[in-house]
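Student: These protein sequence lines are chains A and Z, in that order.
Residue numbering for the first sequence follows the working numbering, starting at 1 and increasing by one per position.
Residue numbering for the second sequence follows the working numbering, starting at 1 and increasing by one per position.
Hints were generated in silico from the structure; no laboratory data involved.
Among the hints, a few may not be true.
Treat identical chains as interchangeable: a pair holds within one or across any two.
What the hints assert, rightly or not - Calculated pairs, DSS-like style, for lysine-lysine (alpha carbon to alpha carbon, straight line, at most 27 Å): (1) Lys312 <-> Lys151; (2) Lys12 <-> Lys78; (3) Lys229 <-> Lys128; (4) Lys78 <-> Lys317; (5) Lys78 <-> Lys312; (6) Lys229 <-> Lys12; (7) Lys151 <-> Lys178; (8) Lys193 <-> Lys178; (9) Lys178 <-> Lys128; (10) Lys193 <-> Lys12; (11) Lys78 <-> Lys229; (12) Lys193 <-> Lys151; (13) Lys151 <-> Lys128; (14) Lys317 <-> Lys8; (15) Lys8 <-> Lys193.
2 protein chains.
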Amino acid sequence: MNLRLIDKDTVKANLTMARAIELMRDGFIALSAGEVDSPLRTALVNDAGTVLYKPAYSDVAGIFCAKVVSVFSDNVNKNLPVTPGIIIVNSAETGMPVALVEASYLTTLRTGAVTGLATDLMAADDAKTAALFGTGGQSAHQLEAMLCVRKFETIYVFSRNPENAVSFCSEQGALAEKSGCRLVANPDRSVIKQCDVITLATSSPTAVVADHELPANVHINAIGSLGPKRTEVASETMLRSYVCLDQRAACMAEAGEVCLIRDAGQLPENFYPVEIGELAAGRYEPPTTGIRVFKSVGNAVQDLVCTAEILKIAEEKSLGTQATL
Amino acid sequence: MNLRLIDKDTVKANLTMARAIELMRDGFIALSAGEVDSPLRTALVNDAGTVLYKPAYSDVAGIFCAKVVSVFSDNVNKNLPVTPGIIIVNSAETGMPVALVEASYLTTLRTGAVTGLATDLMAADDAKTAALFGTGGQSAHQLEAMLCVRKFETIYVFSRNPENAVSFCSEQGALAEKSGCRLVANPDRSVIKQCDVITLATSSPTAVVADHELPANVHINAIGSLGPKRTEVASETMLRSYVCLDQRAACMAEAGEVCLIRDAGQLPENFYPVEIGELAAGRYEPPTTGIRVFKSVGNAVQDLVCTAEILKIAEEKSLGTQATL
């Protein structure tokens with residue numbers, strides 16, 4: 001049995017954000033069309049942490065893959081990643097295990113890429129100003145994704161800890177500048193009223209931006225806080241917004257943005273948000289004014305299409321190392 | 001991220017059947033005591049085959065592990081294994097992926113080992129004569145397991161295809177002889193009446209031995225056919241036997257031996273078979289006469305305890321190869 005081992009640097013060097021956004025388009029169209037088999041993830045838990053197993057298959061991707069990702073918060077004190085992960089790939093033709101891919105870079109890339117897709121589909125074509133909330137592990141790829149799909153002139157960066165926003169802008173400034181965009185750390189919150197796009201990538205359990213702080217027309221990406229009791233978007237905002245989800249079933253189970261209003265009995269009877277795959281397929285047109293919210297809890301199809309792509313490239317260019325088992 | 005890769009030869013050279021049987025004892029005691037977390041396996045299916053994901057954890061084993069095993073029947077025409085598999089190990093302390101273990105050898109070893117445990121717990125102490133039905137991929141380890149726990153003088157080997165039984169006896173004869181046992185291929189079926197132990201390791205959808213062919217006192221291991229509509233043991237036999245299962249819930253879902261009589265409305269109201277872990281823990285004493293049946297559909301705890309053991313040995317002796325991801 002021969003396995004190709006593909007490390008983080010190989011993923012980084014061979015899978016661009018622009019390509020990842022295209023892959024999200026294909027992947028979510030397939031997901032909404034019912035062409036992806038991504039059963040519920042399985043979780044194993046002990047006193048120290050959780051290991052999650054997320055398998056997925058689609059004919060389009062042409063591989064079976066399963067992401068095994070752990071969440072061990074105390075790893076931060078051990079100089080180890082808090083969410084280490086690998087992806088195991090099995091051949092669609094023979095079922096043989098064929099590759100292992102380092103998952104952490106790929107995960108933040110694909111989480112950025114779906115924000116890129118949603119922004120491309122839902123934000124004003126001439127969007128110039130954005131805000132990014134959160135400067136953690138997801139944020140660099142969230143920024144890159146926004147820069148990929150619109151010609152932003154200014155992106156405001158907010159963090160609970162203002163020093164983190166300053167560091168982030170200093171680290172990512174060059175990337176933004178290449179796209180003709182300046183980053184501004186810790187501005188006065190009144191600038192939110194000027195934003196065409198707001199991206200929320202925080203771990204906040206409650207709304208990051210109050211409803212009254214929002215402009216009349218804005219596209220919001222909410223990809224941070226996870227769980228049915230946590231939301232980055234205020235309930236008042238959700239109730240007056242056009243809502244798009246990565247997957248209805250998953251968000252109705254795991255996204256506080258919709259679960260909290262449902263559980264409070266506030267959901268309008270005709271609440272039936274679109275899926276990003278339905279927008280991408282052109283089945284629906286999003287509005288061009290008002291508040292639009294895209295919520296993602298993350299889907300195995302994102303790992304599947306990115307893994308299929310990096311594996312194809314690695315096979316063509318003989319990248320990675322070979323292991324025999 | 002550093003992974004230890006442990007291949008089939010390393011498993012073979014470092015994990016004996018005798019030790020694997022001890023591990024089954026610990027593993028099934030923990031399982032029946034509710035100390036093993038082994039959620040339902042997840043299956044992904046395409047036109048060519050199935051990939052199964054089976055995760056498990058227990059504090060006793062001290063690792064997280066997930067077996068990824070494929071079933072692609074057409075692989076036989078491609079000179080590839082029909083059920084290739086690997087086991088991914090994550091650390092219980094940090095969640096980090098730490099090892100990959102080739103799974104096919106380990107799987108037949110542990111499937112033999114539970115037969116060894118059941119035979120040790122349920123067969124007559126002075127058992128001298130056995131029958132083995134089936135000479136496929138499982139059978140060598142089924143034979144070795146029986147030889148490990150009793151001083152057999154004769155083991156009769158039956159196969160649908162008599163030539164296979166002859167080949168099997170010729171290949172395994174030396175192993176048996178070391179234990180003072182002779183193998184006899186394709187005897188007249190009347191010898192079944194002399195057997196103290198009968199092990200069924202076939203893919204037969206219906207009873208391999210008719211009820212009237214059985215002796216008055218015998219221990220039967222049934223580890224072959226899988227699925228709620230397939231059985232290796234006749235319903236009449238099941239209804240008059242002392243029944244032990246690897247896990248009640250799993251067998252009530254997947255073992256035709258019990259599902260068929262349940263679905264026919266034949267189960268006695270007080271039907272509550274013991275689990276092998278309950279016998280191993282000494283919670284119940286099996287009878288020493290009459291017909292005893294042990295049915296196994298296979299459990300993730302078997303992979304878990306064997307994987308933990310081989311990993312411990314590999315770490316101590318620096319076995320396997322290192323891969324960086």
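Student: Which hint numbers does the structure go against, in order from smallest to largest?
Tutor: Structure breaks hints 1, 3, 6, 10, 11, 15.
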